[in-house]
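Be aware that the sequence shown starts at 1, since it is given in the working numbering, and climbs by one per residue.
Incorrect hints may have been included.
What follows is a set of in silico ranges between Cβ atoms, one per label pair, in the way DEER data are often shown [stated by the list, open to error]:
(1) 56 to 77: 48 to 54 Å
(2) 46 to 72: 21 to 27 Å
(3) 25 to 46: 18 to 24 Å
(4) 64 to 2: 47 to 53 Å
(5) 43 to 17: 17 to 23 Å
Straight-line Cα separation of at most 20 Å, DMTMM-like style, residue types lysine to aspartate or glutamate; simulated pairs [said to hold, decoys possible]:
(6) 64 to 30
(7) 7 to 36
(8) 64 to 38
(9) 60 to 42
Keep in mind the hints are simulated off the structure, nothing from the lab. Being a predicted model, the structure only gives us computed values, none of them experimental. Virtual Cβ for every residue (Gly too), placed ideally from N, Cα, C.
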Amino acid sequence: MGTTTSKILRMVFSTQSGSTFTITLPEPREDLTAAEVETVMDQIISNNIFTTTGGDLTGKRDIKIVDTTTTDLFNPAVA
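Go ahead and model the full structure; you've got the sequences and the hints to work with.
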């Protein structure tokens with residue numbers, strides 16, 4: 001039984017159709033600031049970098065750093 005931890009940066013955008021589009025990046029820097037992420041999100045929006053089924057990205061909806069702890073309770077033998 002083992003425990004692992006991981007972090008992801010989750011950037012959520014609004015789209016033309018009113019839906020959301022999410023970009024997740026693993027292991028963000030410890031000293032990452034909201035201002036830095038907002039600047040990057042603004043650049044993604046203004047340069048129209050991604051094409052989505054909901055249309056162009058139109059705004060920033062949410063920014064989170066998500067910490068996950070996973071505990072393995074069972075590790076079957078590999079055949």
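> What hint numbers does the structure not satisfy?
Replying inline: 2, 4
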